[in-house]
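Q: Here is what each chain is made of, one letter per residue.
2 protein chains.
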Amino acid sequence: MSTSVSNPATSGVQTDWQGWYAARRSRVDQAISEHLSAEKGRLASHSRLPEAVQYSLGKGGKRLRPVLILECCHVCGGSDEAALPAAIAMECVHTFSLIHDDLPAMDDDDLRRGQATNHKVFGEALAILAGDWLMTDAFVVLSSDKIRAELSTKLVSALSQGTLGMIAGQAADVEGESLPGSPELVEYIHAHKTTRLLETCCQMGALCANADEQQVAALRRFGQHLGLAFQISDDLLDYGGSTAALGKRVRKDAEASKQTFPSVFGIEQSRVRARQETEAAVAALGPFGERADRLRGLAQYVITRDR
Amino acid sequence: MSTSVSNPATSGVQTDWQGWYAARRSRVDQAISEHLSAEKGRLASHSRLPEAVQYSLGKGGKRLRPVLILECCHVCGGSDEAALPAAIAMECVHTFSLIHDDLPAMDDDDLRRGQATNHKVFGEALAILAGDWLMTDAFVVLSSDKIRAELSTKLVSALSQGTLGMIAGQAADVEGESLPGSPELVEYIHAHKTTRLLETCCQMGALCANADEQQVAALRRFGQHLGLAFQISDDLLDYGGSTAALGKRVRKDAEASKQTFPSVFGIEQSRVRARQETEAAVAALGPFGERADRLRGLAQYVITRDR
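If you're matching them up, the sequences are chains A and B in order. Quick note on our numbering: the first sequence kicks off at -17 and runs consecutively. Quick note on our numbering: the second sequence kicks off at -17 and runs consecutively.
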């Protein structure tokens, strides 16, 4: 492992980084809460749709994607204010993907973030619609006239293309369940299902700061490697984690014969690959020097987390 | 009925108008087919997602919404080329809404446009994802760098807000099934479920032509009344139409205890209201003079159609 990788789990910066992350997460929670309040008027809908949306978007989660957007914006010299609409839009898309993935026809999960999944509480029809609503709302947020048109269009393009990639990955994941384990297929699924949106976070954060093309490209590379490290570590957590810590069912991928890194490459090789991807992610941050230390910490967090 | 309304079903313009509509529909079919070909690369996805998307977007339907966009653009002096991206994006959103509405958890329909519904052919998981994909693709289309940024942002804003309205209407529709018939609720559902997107078509068509605010407002009013007339006539067709003509199951709304105009206001009053809304739609076209004759024909078609 490269010596340039400082591991927040073992180094002296751990407490600092954790405190920083908690503060960032709470900034995101606050912005999402304000967004939901502002949306209440729009949501007046003669149905429980507002509750279903609030239930999944309002509550917890790691807020990894919005935090990543804010920090990539900072690294390129931008402010929280410049990046918050993109951060909210991204969390809307992420939440939509979780609600739809949890549906009985997809992964059929009863538990998410330690609470009952959306369709268990509101029924399948409303869960489908809450997902659709969140996905659409992301584009309402990005097309606000508070964002200048050139930036708005770039953000819409980045988010919509990233989301298409995620959906294509999800489709391959669902259909891969009936296929024998395949290195090519699992690489495709992992490069899309999780990675495309994490790459998009980095891209959007940089765009919000008016970063130059080299900076955008460097942060996208960071996001690609980070995304792969994240998904492989997710696979490993599903193998070895606990439902109590994760707030979702474990070993469900193996039960569903999912195409995962451990099932195709073995646990040890998956650990090595996750570490390699983390190093590659950190390497991509070279041009940003010390300014990117929080992102380096985030890359370490992704593979050392227990949930 | 106002004498300013010329009915293509009874007047000499009928054949002309039908020929015009068929040609417009075929222009839209061609554009969608080109779009699907161009998307094939993006859709290379290790799954049947491309087939599922092609199956529902590629085939038929009336293409009413795209034709409406093209014509509203023309009426304001714009070209087909200026309006086609908006027309394609709108048909993507409309198709997404049909695929999700047909799901077992929603309206549970086996037949759409005379063929098996998406989930009957590809399964529920892929149908959910094909809907998600189409919805997202609409925003990829609208954020293309071929559209100038100011227009792109306005179109994204219009389409995303219209779609939120449609989803809110659909949620009220689904939840209304367990409630007693209510004039207030059925008005809300009809003003949102179908009407919001038809209003959005008119708005987007006008925006593509750089129309002034008065023109946009007049066409939106046209779309609102047209949408209501369309939905009421849809309710009436469900009561009195045939599965063979409609290409979808009939009398399903009554079976599902849906909140419909005929069930709440009676058939006769619903017919009167559909006619009134058509007249109001036509009245909104006043400022455009003869240029809007095709739109007048379209308003008549909406309430005289048998499918």
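Quick caveat, the hints were computed from the structure, so don't treat them as lab data. Do not take every clue at face value.
Where chains are identical, the list cannot tell them apart; a pair therefore holds if satisfied intra-copy or between any two copies.
[Stated by the list, open to error] List of simulated lysine-lysine pairs, BS3-like, C-alpha gap at most 27 Å: (1) K102 <-> K128; (2) K22 <-> K240; (3) K240 <-> K128; (4) K44 <-> K22; (5) K102 <-> K240; (6) K102 <-> K44.
Q: My question is about K240 and K128: at a cut-off of 27 Å on alpha-carbon distance, are they close within one copy, between copies, both, or neither?
A: Result: close neither inside a copy nor across copies, 43 Å intra and 40 Å inter.
Q: Indicate which option fits the pair K102, K128 if close means a Cα-Cα distance not exceeding 27 Å: within, between, both or neither.
A: neither (37 Å within a copy, 43 Å between copies)
Q: Check K102 against K240 for me: Cα-Cα at most 27 Å, and say if that holds within a copy, between copies, both or neither.
A: both (23 Å within a copy, 23 Å between copies)
Q: Please sort K44 with K22 into within, between, both or neither, judging by C-alpha distance up to 27 Å.
A: Only inside one copy: K44 and K22 sit 24 Å apart there, 35 Å across copies, limit 27 Å.
Q: Reference check for the pair K22 and K240, CA-CA at most 27 Å: within, between, both, or neither?
A: For K22 and K240, the Cα distance is within 27 Å only across copies (26 Å; inside one copy 39 Å).
Q: Regarding K102 and K44, is the shortest C-alpha distance of 27 Å or less found within a copy, between copies, in both, or in neither?
A: within (22 Å within a copy, 37 Å between copies)
In this structure, the hints that do not hold are numbers 1 and 3, in rising order.
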